[in-house]
Amino acid sequence: MFETILAFFRAIGHQVTAAICRLGRAVRFFLSVFWLSGTAFRRFHLTIREIYFSGVLSLIIILVSGLFVGMVLGLQGYETLQRYGSSEALGVLVSLSLVRELGPVVAGLLFASRAGSAITAEIGLMKATEQLSAMEMMAVNPIARVVAPRFWGGVISMPLLAALFSAMGVFGGWLVGVVMIGVDDGSFWSQMQAAVDFRLDIINGVIKSFVFGVLVSMIAVFEGYDSEPTAEGVSSATTRTVVTSALAILFADFILTALMFRGQ
Amino acid sequence: MKRTTLDLWVGFFVAIGFAALVFLALKVGNLSGNNFVDPYTLKAKFDNIGGLKVRGAVKSSGVVVGRVADIHFDPKTYEAVVTLTVDGRYSFPKDTIAAIYTSGLLGEQYIGLDVGGDEKMLKSGDAFFKTQSAVVLEKMIGQFLFGKAAEGQEKK
Amino acid sequence: MKTVSEEILLQIENLQFTYDERPVLQGINMRIPKGRVVAVMGGSGCGKTTLLRLIGGQLRPSSGKLRVGEYDVPNLDVDALYAMRRRMGMLFQFGALFTDMSVFDNVAFPMREHTDLPPEIIRDLVLMKLNAVGLRGAAYLMPSELSGGMARRVALARTIALDPMLIMYDEPFAGLDPISLGVVGQLIRHLNDALGATSIIVTHDVYECLKIVDYVYFVSQGVIVAEGTADEIRASDAPFVKQFVNAEVDGPVPFHYPAMDYRQELLNDHV
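Chains as they are written, first to last, in the working numbering: chain A, 1 to 264; chain B, 1 to 156; chain C, 1 to 271.
I should point out that these hints are in silico values taken from the structure, not numbers from a laboratory.
Note that CB positions come from ideal geometry on N, CA and C, so glycine has one too.
Be aware that one or more of the hints could be misleading.
Listing some non-contacts, in silico: residues in chain B with all C-beta distances to chain A over 12 Å [stated by the list, open to error]:
1) 25
2) 69
3) 79
4) 108
5) 134
Estimated spans, in silico, between C-beta atoms of each pair [said to hold, decoys possible]:
6) B:137 to A:75: 24 to 34 Å
7) A:64 to B:5: 20 to 30 Å
8) C:76 to A:5: 46 to 56 Å
9) A:38 to C:76: 18 to 28 Å
10) C:33 to A:228: 35 to 45 Å
11) C:136 to A:42: 30 to 40 Å
12) C:8 to A:128: 28 to 38 Å
13) A:229 to C:266: 33 to 43 Å
14) C:128 to A:42: 22 to 32 Å
Please model the entire structure based on the sequences and the hints provided.
Shown next, in the form of C-alpha cells:
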C-alpha cells in the first residue's frame with residue numbers, strides 16, 4: 001500500500017521535473033533562435049518562402065472563415081439588437097467584436113491549426129529522416145537555416161492574416177445586415193466609425209495578433225525540433241502544437257484584454 | 001516552386017494584408033478624427049460628471065469641436081474638474097454653459113456647449129462660469145417618485 | 001594509382017563514451033592512415049554509429065583522445081568545429097536528402113552555403129559530381145521520385161561536393177538491391193582513390209565490404225575485439241569474427257535472448 005503511494009508521488013515528481021526540463025530546453029532553444037536569426041534576414045528569400053507556406057497558403061481558410069464569422073455576427077447581432085430597437089448599432093457590434101477579439105483570436109487558432117501544425121510536422125520529419133543532422137555535419141547550423149526563417153515567416157504572416165480576417169468579417173456583417181436584412185447602410189458605417197477608435201481598438205488588435213503570432217510560431221517550431229524522431233513522435237508533436245497554441249492564445253488574450261481594455 | 005512565383009504570391013499577400021489594415025483604420029475606425037487646428041484648453045467644474053470619459057466628445061450644436069482631455073477630482077471644493085481641448089478655429093462667449101448630455105437613450109455621454117451672448121470670448125485656461133451636471137438616473141427616479149407621492153398627498 | 005602514405009589522418013586513443021550511465025564505448029584505439037578505406041563492423045547497437053558521431057563532433061566523449069588531421073575534435077570551439085566539418089563528408093543511412101529540394105539543389109547545397117562560386121561554375125560542378133555517381137540525367141528530379149539506390153548515390157554526390165579529406169559512411173549498404181550494392185561499393189572505393197581522401201565505413205554487410213576495404217576493425221561490447229586487413233579477417237580464428245563473417249547462428253553472440261530455463265517456464269504455466 002505504502003509502495004503504491006510512494007510510486008504515485010515519484011511519478012508526479014518525475015512528470016514535474018520532466019516538464020521543467022522541457023521548459024528550460026525551450027527557453028534555451030528560443031534564445032538560440034533569436035541569436036541566429038541573422039541568416040533569416042540576410043538571406044531574406046528563405047523567410048519569404050516561409051511567409052508563402054504559412055501565410056499565403058492560409059489565405060483561403062482565413063478569408064472564408066472571416067466571412068462566415070462576420071455573417072453570423074451580423075445575424076445574431078441583429079436578432080438581439082432589434083429587440084431593443086438598436087439595430088443601427090449592428091456595425092458597432094460586428095466591428096468591435098472582430099477588431100478587438102475575434103479577429104486576432106480566431107485567426108490565431110486557425111493559423112495554429114493550419115500553419116503551426118504544418119511547421120511542426122515539417123521540422124519533425126526533417127529531424128526523423130536525419131536531414132537536420134546531415135545539415136549539421138555539412139557545417140550549416142539547422143537552427144539558422146531551417147528554424148529561424150519558419151519562425152519569422154509565422155510572425156510576419158499572423159498580423160496580416162488577422163487584419164484580413166477582421167476586414168472580411170466586417171464585410172460579411174455588412175452583407176448580412178445591410179444587403180440581406182436591410183439595416184441602414186449609412187448608420188451601419190457612421191456608427192461604426194464613431195465607436196471604433198484607431199488607437200484603442202485597431203492598434204490593440206494588431207498588437208494582440210502580433211503576440212499570438214510569436215506564441216504560435218515559437219510553439220510550432222519548438223515542438224518540431226524537440227520531437228521524438230519517429231512517426232508517433234512527429235504526430236504527437238503536431239497535436240501538441242495545436243493544443244498548446246490554442247491554450248496559449250486564449251490565456252494571452254485574457255491577459256492582454258485585461259491590460260488594454262480595462263475600464264473602457 | 002520557382003522563386004519569382006513565390007515572390008509574386010508573397011508580395012500579393014503582404015499587399016492585401018496591408019490593404020486590410022488600411023481599410024480597418026480608415027473605414028472602420030476613426031483615424032481621420034482629431035485634427036484640431038491650434039487647440040486651446042478650457043476648464044469646467046461639475047457636481048457630477050456621470051459617465052463622461054476622457055476622449056469623450058465636446059460638441060456645439062451637435063458638431064464635434066473638441067475632446068475631453070482630462071478628468072480629476074478637486075478635494076478642496078469636492079467637485080469634478082474637466083479639462084477640455086477645443087479646436088482653435090472656434091471661440092465661445094464667456095457666458096457659454098457646459099452641460100453633460102447623453103447621446104441616444106443609453107449612449108455615451110459628451111459635453112455640449114450651449115452658447116451665450118457675451119461679446120467677450122473664453123481664452124485658453126479660462127473656466128466656464130456655469131455648468132450643468134449629468135443627469136443621474138436614480139435621482140431622476142427619486143424625484144419622480146417624490147413628485148408622485150406629493151401629488152397623492154395633495155389630492156387627499 | 002592509389003596514394004598510400006603513412007601519414008596518420010585519424011587517431012583515437014582509449015576513447016570512452018557513456019550514454020545515460022550505460023557504457024557504449026569502453027576504450028577504442030584506432031590509427032587510420034591517409035588514403036585508406038577502413039571498415040568498422042559489429043553487431044547492432046555496439047556503438048559503431050556513435051563512433052562516427054564522435055569523430056564528427058556531434059557527441060563529446062567521456063574521456064580519451066580523438067584527432068582528425070590537425071583538429072583535436074572534443075576540444076574544438078564552434079567555429080573550428082564548423083571549419084573541420086567543411087572538410088568532412090558524411091553519408092547518412094538512407095541518404096538524408098533534403099526532400100523539399102531537387103537532386104541538383106541537394107548536391108549544390110554545400111557549395112552554395114560555403115563558397116562564393118558563381119552559379120555557372122556551381123552548375124558545372126554539380127553536374128560533374130552527379131556524373132561521377134552516374135546520375136547526371138536525374139539532376140532535376142525530386143528526392144521522392146528516386147529509388148532507394150538512386151537516393152543513396154545522390155547523397156554520395158552531395159557528400160563529396162566539396163572534395164572532403166575524410167568521408168564517413170553510416171550503413172551505406174542498408175536496404176539496397178544487389179546491383180545497387182555493387183555500384184555503391186565500387187563508388188566508395190573509386191571516389192576515395194580519385195579524391196585522395198580517407199574513408200570510414202560503418203556497416204555489417206560483410207561481403208560487399210571486404211571486397212573494397214584496406215583494413216577492418218571489429219567492435220563488440222564497446223571495445224575492438226579484432227582488426228586486420230580483409231584477408232586477415234577472412235582467415236581469423238577469433239570466435240566473434242568467425243561467427244560474424246560466416247554468418248553463424250550461434251556463437252559469442254547468442255541466439256537466445258536471456259531467459260529462464262525452457263522446461264521451467266513451460267511447466268510454470270500449469271501451476
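Right, here's what the structure says about each hint:
The Cβ of residue 25 of chain B does not lie farther than 12 Å from every Cβ of chain A; its closest approach is about 6 Å, which violates its non-interface assignment. Every beta carbon of chain A lies more than 12 Å from that of residue 69 of chain B, the smallest distance being close to 15 Å; the non-interface claim holds. No Cβ of chain A comes within 12 Å of the Cβ of residue 79 of chain B; the nearest lies about 22 Å off, and the non-interface call holds. Interface exclusion of residue 108 of chain B from chain A breaks down, the closest Cβ pair being 9 Å apart, not more than 12 Å.
At the 12 Å boundary, the C-beta of residue 134 of chain B stays outside the reach of chain A, the nearest C-beta of that chain being 18 Å off. Separated by about 32 Å at the C-beta atoms, residue 137 of chain B and residue 75 of chain A satisfy the suggested range of 24 to 34 Å. Between residue 64 of chain A and residue 5 of chain B the beta carbons are some 23 Å apart, a value that agrees with the proposed interval 20 to 30 Å. Remark: the range hint 46 to 56 Å for residue 76 of chain C to residue 5 of chain A is upheld by a beta-carbon distance near 50 Å.
Between residue 38 of chain A and residue 76 of chain C the beta carbon distance is about 22 Å. The supplied range of 18 to 28 Å therefore holds. Hint check: residue 33 of chain C to residue 228 of chain A, Cβ distance near 40 Å, so the stated range 35 to 45 Å holds. A hinted range of 30 to 40 Å for the beta carbons of residue 136 of chain C and residue 42 of chain A is consistent with their spacing of about 32 Å. Remark: the range hint 28 to 38 Å for residue 8 of chain C to residue 128 of chain A is upheld by a beta-carbon distance near 36 Å.
Between residue 229 of chain A and residue 266 of chain C the C-beta distance comes to about 39 Å, which sits within the given range of 33 to 43 Å. Evaluation of the 22 to 32 Å hint for residue 128 of chain C and residue 42 of chain A yields a pass: the beta carbon distance comes to about 29 Å.
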